[in-house]
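Chemist: Here are the chains, one letter per residue:
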Amino acid sequence: MLGTALCLSLLVFWLTHLPPNLEKLAKSQGSARMSDAEVASWLERSGFDRPLPVLYGEWLGVLPRADCGHCGVMQGEWGQSTVFRQPVSAVILRSLAATGWLMLWVMAVMVPTALALGALAGMREGSRTDRTISVATILTAATPEYVSGVVLVALFASATAGLSPLLHEAGWIERRTLFQGTASGAMTRITFWNFALPVATIALYGTGYIARITRASMAEVMAQPYIRTARLKGAGLARIVLVHALRNALVAPVTVILLQLPWLLNGVVIVETLFAYKGFGWTLVQAAGNNDIALLLGCSVVAVTLVLATQALSDLAYRALNPRLRVG
Amino acid sequence: MESLGWLEILGRMALRFAPVWAGLALILGTGFALRGRLGLAGRLFGNGIGLAGLTIVLFWLLTALFADLIATHDPLAQLSGLKNAAPGSPAPGSSYPFYLLGGDSLARDSFSRMVAGARRVLAIAPAATLCAMAVGVLLGLPAGYVGGRLDAALSFLANLVLAFPVILLFYLLVTPEIRETALPRTFAALLFLFPLLFLILLWHSRYRTRARPWAVGMIPILGLGLWMWSGLALDADPLGVWRLEPGLLTVFVAVVFVNAPTAFRIVRGLALDLRARDYVAAARTRGEGPWFIMLWEILPNARGPLIVDACLRVGYTTILLGTLGFFGLGVSPESPDWGSTINDGRRFLAIYPHAAVVPALALMSLVLGLNLLADALREESLHD
Amino acid sequence: MTEPVLRLEGLTVSFGTRRGRFPAVEDLSLAIAPGEVLGLVGESGSGKSTVALAVMGDLGPAGRIDRGSLRFGGRELAGLSERALRPIRGAGIAMVGQEPMAALNPSMRIGAQLAEVPRLHARVSRAEARAAAWRAAEEVRLPDPERILDSYPHQLSGGQLQRVAIAMALMARPRLLILDEPTTALDVTVEAGIVELLREIRQEHGTSMLFIGHNLALMAGICDRIAVLYSGRLVESAPAPRLFASPRHPYTRALLRALPRIEGARRPPVPLAGGQPLPHERPQGCAFAPRCGHAQGGRCDVAPVPLETAGPDETVRCLRWREIREQPIVAEPLPEARPGPAVLEVEGLTRRFRTARGTVHAVEDVSFSALEGETLAIVGESGCGKSTLARLIMGLDRPDAGRIRLTGVEVQDRPAGRRPAALTAAMQMVFQNPADTLNPSAPVGRQVMRALELFQGASSAASLRTRLSELFGLVRLPESLAARMPRQLSGGQRQRVGIARALAGDAAILVADEPVSALDASVQAAVIETLLELQRIRRATLLFISHDLALVRQIADRVMVMYLGRVLEIGPATQVFGPLAHPYTRALLAAAPRSDPTAALRPAPAGDPPSALDPPSGCPFHTRCPRRAEVPGRLCADRLPPLAEVAPGHAIRCHLSPEELRKQPPDEERRPAAPLTPSCRGAS
Ligand SMILES: Nc1ncnc2c1ncn2[C@@H]1O[C@H](COP(=O)(O)OP(=O)(O)OP(=O)(O)O)[C@@H](O)[C@H]1O
Ligand code: SF4
Ligand code: SF4
Ligand SMILES: [Mg+2]
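Chains as they are written, first to last, in full-length UniProt numbering: chain A, 1 to 328; chain B, 1 to 384; chain C, 1 to 684.
No wet-lab data here; the hints were simulated from the structure. Built from N, CA and C at the ideal position, the CB exists for glycine as well. One should not assume that every hint holds.
To be verified - Sample of chain B residues lacking proximity to chain C, with all beta carbon distances greater than 12 angstroms (derived):
(1) Leu-7
(2) Arg-149
(3) Thr-186
(4) Ile-293
(5) Ala-302
Stated by the list, open to error - The calculated lysine to any residue pairs, modelled on SDA-like cross-linking and capped at a C-alpha distance of 25 angstroms, are:
(6) Lys-27/A / Thr-181/B
(7) Lys-27/A / Val-109/A
(8) Lys-663/C / Ala-629/C
(9) Lys-663/C / Ala-644/C
(10) Lys-24/A / Met-1/A
(11) Lys-83/B / Ile-56/B
(12) Lys-278/A / Ala-350/B
(13) Lys-83/B / Tyr-96/B
(14) Lys-24/A / Leu-196/B
(15) Lys-83/B / Ala-159/A
(16) Lys-278/A / Arg-16/B
(17) Lys-27/A / Leu-183/B
(18) Lys-24/A / Thr-186/B
(19) Lys-278/A / Val-251/A
(20) Lys-24/A / Leu-183/B
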């Protein structure tokens, strides 16, 4: 785990410190029309001409720096963001808080819906309910966030198309659009009207995906001999589903939900860009787009740590839900 | 000239798609007639979801094939006055009297761009999927079959790549700066070696005891394979037939790179399951080499889940390509691919939604078709 | 006559598939009297389980009762709604299935699963339900009920789980208990315990039972009446003693002949050619006609044969049952083996598996040698290391210690694939699972051809093809099958292809790991016949791994008995099955079902085998050994007895002296040599 984290950070460090990136950094910090010699001397002055392991060691904080001694990531010194002209840690903390709200709402919408839909569909495989839910979930699982976001905005937040003009003309809404097409207002105050679309956009894809897995797992469990045993004991459908099937059927989806978090991060990046919500994803795009090496490194470390943590968590959850794997 | 109404637009579009309808009728008709002899593929005809999926996928495949016939305009041509034009706006003095689905913010024809985008997606996504599957198979089979330290090492590498959020990976790998380094070429040289290696091992393990058939297969595999490899990966084809422009190469490599670890995981899991079978033990006791066992005893029996996965993966790759386009990574600004068209269009989304919605729906329907197909294939192979 | 508990009248059940509706059971009429145990036997696919599920009203969405009635205590069950069935399920009729592990909810404690029954049917309090669960666990003789009720299913052994399942079925005191192959997944010793328990339950509560199975010998010991199902139709039913004494239907006769008999030393079971047609592929007329030695063209193959009453409580579905007066056929005794020199020598072979929970001692210090031309049987309960031993010998796994010499060459350090081609060809393996032994995605002919290419690579393509057809002839398969895929062959045919493949390099040693245990009895006998014939013709050595003692007794020259990875006894079959034998061998023999309803009851050996995870110190068998008290002190628990020779070629691992071993222990019942059932007396 720690090894993985180190490997990954080294990889990111290497990729962000490739010569063309550094050259671009020099030009953006100095002037765009620097000659090659000037670039070289700028890099030398800033210390970027030293070997990569040394730089990495300094960044990590295991090697001393000329100015401040051991001051790297491990000491909490994440460097200075060139775009925001602020310490990286401050930028990341602020954006993480914003994204936290988004994730919270997404989870609150997505998880119960997905589990309920999946369990309902898998309960009676092949029934009409199952087919309807299946097609619906395949549809949403086939719709990436940048598509559903665009479609949702066109439908609900466009002044010229979709529902809003109709509602406006009918006098049902005061505003020109039903929902707001951006979520920048949500940075200060979250309302249903500015937050519903971003949350729905992320949740749609995940709901479909998780519901598919829940359904498959539920259908498999319902075909197990112990469900027949319960039925032949004289238990009714409700009892069979709630007492016997659900717990066994939830092992797979819960693991998946946790593994799904990194993918959620993707959705977050897309949605925050689409709806101009200044969270973690938006910051990542800013950092990468503007060659803000320190910030990009910081974002990467946070993202990768998040992924590794969810992997460990999903392992734990799997163990907790599966009595076979519990020790003793 | 008058603008067209929605009915007229639909009618005219249907007419433009005539070659696709003809192709669909031909393929589905033949398939239906022969469904009894087609095995798994034939059973799709008795499955509503499968048939729907197959039709949608074929529709886009044929559209990509006949894109030149279907498109009404040059996807890059800008007509003055048609900036953000509404669907059905007249386009006097051009190759077709109307912009069927309107114009985009640079006054290009949305309909033609959508059609051209299909060709681009379907040129990359299946090839990238196959390449990723080749990597997954060649690394996943030994990891699952041999296990032990080899498995630990390969799994570690796969997990390393998987721990990157895809977008971060794209932002690190698909930048103009990276294209200046030797990284994409090196990666491409390595990744493109896998399909070739796959064929070589497949043939060699089967016919190593018999010289004649060995040579008969090996010479064309090596000749053709190395030729294509040198052209596509190294840009060193002496005849100049095989070439990939550097931007496309980077995109291709990135997409394969993102897909390979998950393909690896699936193949590894299947191999882990199948290696305990008696017929594998039988092959070992009669002295078969590991590659014969992996490629001829294990792989054919894993084909069901792998075909399903390939379908889903082409869809996923389509989404990834769209993501790249959406963030403007690795594509030239005027490229007609769906992702960048959505990205261009979203700036005026609230006022002129059609420019973004058209490619969005196209992308969604293709992925939907692939997912429906995969679902039906899975169901049919389970209920065998 | 009292009202039967269950009466089936003309029951016809069909299943809908995407290719149409197929009948599974046709026109079945049966009755079970109060307190009676009815056995329902048939080969796989004959529709036994379908009957059980029809009675329980649980045929699933595909199944349907087309005709007939099902009366339970006078109440019609056919057509009842799910809701109306619920109070009957569990409380009126209960069912126990084949796989106890799968039948219990893996994430619920045993106690909760048991307590659910009274909670559902009697609406009692939690505490009362718990107490009832406790009593039920005691009733089925589960040791330490407190611990068991608190366990999850994966923490218990197969035998314990099946007892739990039976306890659960009995908790609401049902009038009818349906048992669908309740012991098939269990070892003989455990099976004997379960059968004993069922007998007691019946005596105590007078519960009627429908006992479904494929093993006639087992049913002899428990059923009052037996009904034989063939291809979805009842072919014969009669009281058990009558059925065994004078079977009427040619199929029943054939089944009894094909049955391995513990008392039939060195007389292989008599095979029955062909296989059972699926109900929808039945020929016109008598379904058994293609395999029947008495079939008459123009008579048996015209119209469906009606079920006739042959006597009180006896029915038979055969046109010629009155005419057939055949002499019971018994196979020729096997000729004495004339073993040659040792071809395979194993010395001190050990294999341990390190797992998360500890070290499993799969094979411990095993030494033996196999001689040219002999059949050496390796027997023991499941988990005793038989298959690991086979895998070690074949080079599929590496031993931790010990030596394997194959025709004088040491091969223990050369895994399969690194052995010289000649040695590889010399020893080949036949596998257990017919569904798994052939690669499902290649035609069977090509798979045998591949083996030929490897072993006889130098030959021309034409001569390889000749060899292929020779091999198919040798295992009695028509050559036309070569182009088929494995799924288009029956289980027996697949096993034959597997044997042909093993013979491609003229193997001198065949290691057969349970080659017939997944096959139906009639098919089993045919595959055994093929194996023995090949051995005779080629003087090959057969290493026959099996848990079926009856079969082993019928065909083996020498027997090796394993327990928790160790050899407890090895010697000539006549001696191992004779008066001087290891206490464990005796226990196994006692547990093996006798195909004779009149045979006296024998006590089943106590307890489950301990886990190989941490085998007991001292004699591995001491935790269950009935004769341990005869050894002074704690010797049995402390010291491992040596494998000592008691007669030439016969070695036993026990602290008791040969003389003491020869003496029957006072409490073990003295049985006369088992009486042969009349149908088998014939040639002897
Ligand atoms: N759900 C089902 N759908 C279709 N056919 C079925 C189904 N269940 C059973 N059958 C068919 O019904 C016939 C009888 O099956 P059944 O399982 O009752 O046999 P069995 O004697 O119990 O076999 P086994 O000993 O293998 O369990 C078989 O031909 C089988 O293929
Ligand atoms: S009816 Fe004819 S074929 Fe059928 S069992 Fe009787 S004798 Fe044999
Ligand atoms: S050594 Fe003791 S425990 Fe072992 S078999 Fe002999 S008498 Fe029984
Ligand atoms: Mg059955």
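Chemist: For Lys-24/A and Met-1/A, compute the direct alpha-carbon distance and say whether it is at most 25 angstroms.
Modeler: 33 angstroms, violated
Chemist: Does Thr-186/B clear chain C by more than 12 angstroms, comparing its Cβ with all Cβ atoms of that chain?
Modeler: 35 angstroms, holds
Chemist: Taking 25 angstroms as the top limit, are the C-alpha atoms of Lys-27/A and Val-109/A close enough?
Modeler: 46 angstroms, violated
Chemist: Beyond 12 angstroms from chain C, beta-carbon-wise, is Ile-293/B?
Modeler: 9 angstroms, violated
Chemist: CA of Lys-83/B to CA of Ile-56/B, is that 25 angstroms or under?
Modeler: 31 angstroms, violated
Chemist: Decide if the proposed pair is consistent with the structure: Lys-278/A and Arg-16/B, CA atoms, cutoff 25 angstroms inclusive.
Modeler: 44 angstroms, violated
Chemist: Tell me if the straight-line CA distance from Lys-278/A to Ala-350/B falls inside 25 angstroms.
Modeler: 20 angstroms, holds
Chemist: Does Leu-7/B really sit off the interface, with its C-beta more than 12 angstroms from all C-beta atoms of chain C?
Modeler: Given a closest Cβ separation of 40 angstroms, the condition holds.
Chemist: Between Lys-663/C and Ala-644/C, does the CA-CA distance stay at or below 25 angstroms?
Modeler: At roughly 18 angstroms apart (the allowed maximum being 25 angstroms), Ala-644/C and Lys-663/C satisfy the hint.
Chemist: Can we trust that Ala-302/B is non-interface, i.e. its beta-carbon lies farther than 12 angstroms from all of chain C?
Modeler: For Ala-302/B, whose nearest Cβ neighbour in chain C is about 10 angstroms away, the distance does not exceed 12 angstroms, so it is violated.
Chemist: Does the alpha-carbon distance linking Lys-83/B and Ala-159/A stay inside the 25 angstroms limit?
Modeler: The hint holds at about 19 angstroms.
Chemist: Could you grab the alpha-carbon distance between Lys-24/A and Thr-186/B and see if it respects the 25 angstroms cut-off?
Modeler: This hinted pair holds, its Cα atoms lying about 23 angstroms apart.
Checked against the numbered hints above, the structure violates hints 4, 5, 7, 10, 11, 14, 16, 19; every other hint is satisfied.
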